[in-house]
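**Student:** Got chain A; can you put chain B on it based on the hints?
Protein chains: 2
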Amino acid sequence: MGKYCFGIDVGGTTVKCGLFTTEGEAVEKWEIPTRTEENGKNILPDVAASINEKVKEKHLDPSQIEGVGIGVPGPVSEEGEVPVAVNLHWGRVHIVKEMEAMTGLKVKAGNDANVAALGELWKGGGVGYHNMILVTLGTGVGGGIIVNDKIIAGSHGAAGEIGHAHVDDSIKDPCNCGNCGCLEQVASATGIVRLAKEELAAWKRDTLLKNRPLSAKAVFDSVKEGDELSIRIAERFGRYLGKALAVYACVTDPEVFVIGGGVSKAGPILLTFIEKYYQEYAFPTCRQAAFALATLGNDAGIYGAAKMVL
Amino acid sequence: MGKYCFGIDVGGTTVKCGLFTTEGEAVEKWEIPTRTEENGKNILPDVAASINEKVKEKHLDPSQIEGVGIGVPGPVSEEGEVPVAVNLHWGRVHIVKEMEAMTGLKVKAGNDANVAALGELWKGGGVGYHNMILVTLGTGVGGGIIVNDKIIAGSHGAAGEIGHAHVDDSIKDPCNCGNCGCLEQVASATGIVRLAKEELAAWKRDTLLKNRPLSAKAVFDSVKEGDELSIRIAERFGRYLGKALAVYACVTDPEVFVIGGGVSKAGPILLTFIEKYYQEYAFPTCRQAAFALATLGNDAGIYGAAKMVL
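Protein chains in written order, with the numbering used here: chain A, 30 to 339; chain B, 30 to 339.
Treat each hint with caution, since some may be false.
The list treats identical chains as interchangeable, and a pair is accepted whether it falls inside one copy or across any two copies.
In the BS3-like style, the derived pairs of lysine-lysine whose C-alpha atoms are separated by at most 30 Å in a straight line are [claimed, not checked]: (1) Lys179 with Lys253; (2) Lys226 with Lys253; (3) Lys179 with Lys294; (4) Lys253 with Lys85.
Hints listed in this document are in silico derivations from the structure and should not be mistaken for laboratory results.
Pulled out of the complex, with its shape left as it was, chain A reads as follows:
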């Protein structure tokens, strides 16, 4: 086995790159811009050039390099082909074939959210576990399902799309996916603001939220200061998410739920609201599941990408 590997996380504006030891130590991290013009035809050549340059700079021999893992924002087949990736302006692209030709290295590709889950399992909040569900609470709600250390991609690349589970019949305005009542509409950063607005409209007493620009961060900051309304909002959020995670647990029965994304910056207090309701709704055997915060932040993608080739 080689001593090094590359982890690449292709985003809509920048490509994050990492050179790692096969033990998972980051030797170097850098970024290059994502050139999406002309159907993103330069993206992979730019990445390949950057890798080849780094190999030269570090005086590495190809035999020392285990391979290159790449995460992209879109569905990726087992063979490493993307049918379409909107954010990269891509139509059908065979990442593995193209990148192997341009670098001479072994290449694996995966969906970025799934790859990030693998990163958290390897070197983040999921260390020591083998069965995990990663929940990313950002603008939307994303996820990644790991079973026996492997990503579950799904037969249409939609495994782990847990933000689009239906959780509320009373929501009548559509989610980004077109359905109504998705988890994402009540448990993402945007969803928490929705809950806050609803609660604020009916609230007669004083609250710290009246003096703060409304955001998920403002809600959890106020929770920490004991604000009654904010705690009420956090409880609603926790019930939605905890109940949904209890349903997912009936499917893959994970050892751990790792919670990441911008909302998770609220820290351990966030987990208490989720876990409380998870315990209320989970099948008894599944109640043993642990809860942890993601720790790699925006680096989860490059770690997970690197892990893919090991």
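**Tutor:** Same frame as chain A, now just chain B:
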């Protein structure tokens, strides 16, 4: 590879046994009683004796036999150990170790519901697919999750316990699992009777159900005769189940849902009620999933057990 394999399905009263070719043709099927007395200490020796006898009777050489697969009603570890199996009166039993010693053959063990799913994938309603969710609608609601042709057992043996997903806040009486509002309480044979009773109590007009002993079969028989109330009950059932399956699809994104168990004897009409609501709630990419009826009935377990060793 050997030419034959055994598939064993250990139930609470009888053990179903099958000798198969490795292509999946049943050479012979038979049953022996399950002797649960004295903590079920005779169960495995009885099974081993029956296998050894069959090997002799058929003049098989051990080299011709690929192995023995066994499904049991309880959680089974990857190594083939059962911590406890209530219906067999078992405490901790290491199935693989004990059976290998008594037969001299390679042995694999798994949970019976999961094993049945593998059987339906191999030779039943899921033939040709690699990613499947089996839904068993019997007295309860069971399930089996298959990803890339493999059973997902879960980290506590509870993967596929989809009957215990929380689906209704308004149900206040407890499920067998102790929680309230489980899918099993509204989508099993018993659950359908619950829905029927609720609807009947409020129904003022005529209905075929008033003249029939109430059962899931009576409901779907009456649906086929155009009975308005029965259709109403089937729609409620379909919404509960279709909505729940749409949520599970966000987790593993299967190619096909295979519906089995006693309720599935209603035939293809059952699927129309489930699929209609699945389509309403599923994440767009997951709407491509197919629906099929299970075809192996009570033989799914022996087929799946045999497949485990191949």
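**Student:** Of the hints stated earlier, which fail here?
**Tutor:** 1 and 4
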